[in-house]
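Fit chain B to the known structure of chain A by using the hints.
Protein chains: 2
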Amino acid sequence: MDSASFRAIGPTTYLCPTPTVLVGCAADAAWRSGGANRPNLITIAWTGICCSKPPMLSISVRPERYSHALLTQSGEFTVNLISEELLHAMDLCGVKSGRDMDKFGSLGLHPMAAQGLEIAPALQEAPAYLSCKVRQVITLGSHDLFLAEIVDVCVRESFFNVDGSIDEQAMALVAFVHGKYRALGKEIGFFGYSVASEDVLRRRLPHAAANQNVRAGKRSGKRLLRKDGKA
Amino acid sequence: MDSASFRAIGPTTYLCPTPTVLVGCAADAAWRSGGANRPNLITIAWTGICCSKPPMLSISVRPERYSHALLTQSGEFTVNLISEELLHAMDLCGVKSGRDMDKFGSLGLHPMAAQGLEIAPALQEAPAYLSCKVRQVITLGSHDLFLAEIVDVCVRESFFNVDGSIDEQAMALVAFVHGKYRALGKEIGFFGYSVASEDVLRRRLPHAAANQNVRAGKRSGKRLLRKDGKA
Chain A
36 MDSASFRAIG PTTYLCPTPT VLVGCAADAA WRSGGANRPN LITIAWTGIC
86 CSKPPMLSIS VRPERYSHAL LTQSGEFTVN LISEELLHAM DLCGVKSGRD
136 MDKFGSLGLH PMAAQGLEIA PALQEAPAYL SCKVRQVITL GSHDLFLAEI
186 VDVCVRESFF NVDGSIDEQA MALVAFVHGK YRALGKEIGF FGYSVASEDV
236 LRRRLPHAAA NQNVRAGKRS GKRLLRKDGK A
Chain B
36 MDSASFRAIG PTTYLCPTPT VLVGCAADAA WRSGGANRPN LITIAWTGIC
86 CSKPPMLSIS VRPERYSHAL LTQSGEFTVN LISEELLHAM DLCGVKSGRD
136 MDKFGSLGLH PMAAQGLEIA PALQEAPAYL SCKVRQVITL GSHDLFLAEI
186 VDVCVRESFF NVDGSIDEQA MALVAFVHGK YRALGKEIGF FGYSVASEDV
236 LRRRLPHAAA NQNVRAGKRS GKRLLRKDGK A
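Protein chains in written order, with this note's numbering: chain A, 36 to 266; chain B, 36 to 266.
Next comes chain A alone, as it looks inside the complex (with noise of 0.2 angstroms):
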């Protein structure tokens, strides 16, 4: 295998699977008590955590569109994310603007106010959606870049299991590649499965213990353990 095997295709914007999401913002809070400017939805895929801590996350968003203004006068957003039920809607919202339509009115969607936030919506129908605040706006070219701190994250009610911990599965998430919107598969690994004991991994990835692809991966991970392994 060697370079040759490879195609060149040029600068672009090649990284995959992201996320696609609504991002919610407005003007001013008027739209709480019915006020006049609506608050507006807009489809994003440009978007990735870039920090833990503070938590933060960053969408781009181009200079032209209707949502710039209301994201950079009102320094708030929220990002809802996207299950499968919700993908038409946030399809429509990437193909129409916010100056045309009532998009929360249209779509049967319904704005409600956002944990941490005095101004921008969050979607009442999103599985769950994060509250950002605005730190930095850096320009890029084509794309604006809004690097927010997270100040809240709000879950659906019936995606939390028993014990306290969410049930991501049943939120249906879409994932976008290159243009096109992709269900999510299968639990297939989690993050240090490749170090973690035969226990662990029985519990945690049942049917992939008995996989012989696994347990070959597991055994060179033996070989490579150390104590004080960590990155």
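Derived by calculation from the structure, the hints in this document are not laboratory data.
The structure presented is a predicted model; accordingly, all values stated were derived computationally and were not measured.
Some clues are possibly wrong.
Repeated chains share a single entry, so a pair holds when one copy, or any two copies, can fit it.
[Stated by the list, open to error] The calculated lysine-lysine pairs, modelled on DSSO-like cross-linking and capped at a C-alpha distance of 30 angstroms, are: (1) K215 - K88; (2) K168 - K221; (3) K88 - K168.
Coordinates of chain B only, in the frame set by chain A:
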């Protein structure tokens, strides 16, 4: 449905699914002629696309990581996409440090010269990789944010269809969801499908065109359709 049906879990990095990739880097180009400074791999989930033009992405790295100095010194890195068969090796790269081991050698992986770069290695076993040049580094807290321009993208020849399109399904890419690795499932839509014609829908989503939910969504899409509806 109201806000009482959500539970706040506090500020946390809950955006998902995120990518999970292997970033290739080196202090200098000596490794290409058998020199002493070995090339390294670091596992990154805190990454995302941040601009379309020029194409840019970001990765976030803790300052104390061995790779941090390699990135700042060289100003280059590769983002190597991860297929399911690379998952075990990628997880190991995420729990071990390049200070202590030759990640490429120990895991049976091979560095190769990256298209468009002079120093950073690409991963021969990857289905595709992006060659990146660092443009800005921003200190955020626990992590530093590296904003980089994507100068080229290379895809394994075997993933090209006869018509020049790329078969991303065949890549068997992996998503990261709160500490768990998830396989990607089936295609359930494409960007703009909510306003696509029946013919396009039938051709690109044959299984879905007969699906009641998609057709119902398509009808609501038609009510909103405008000639100049581009956001």
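The hints, checked one at a time:
In the homo-oligomer, the alpha carbons of K215 and K88 lie at most 30 angstroms apart only across protomers (20 angstroms), although the nearest pairing inside one protomer, at 32 angstroms, exceeds that limit. In this assembly of identical chains, the alpha carbons of K168 and K221 never lie at most 30 angstroms apart, being 33 angstroms within a copy and 34 angstroms across copies at closest. Taking the shortest Cα distances, K88 and K168 sit within 30 angstroms of each other both inside one copy (15 angstroms) and across copies (26 angstroms).
The structure shown violates just one earlier hint, number 2.
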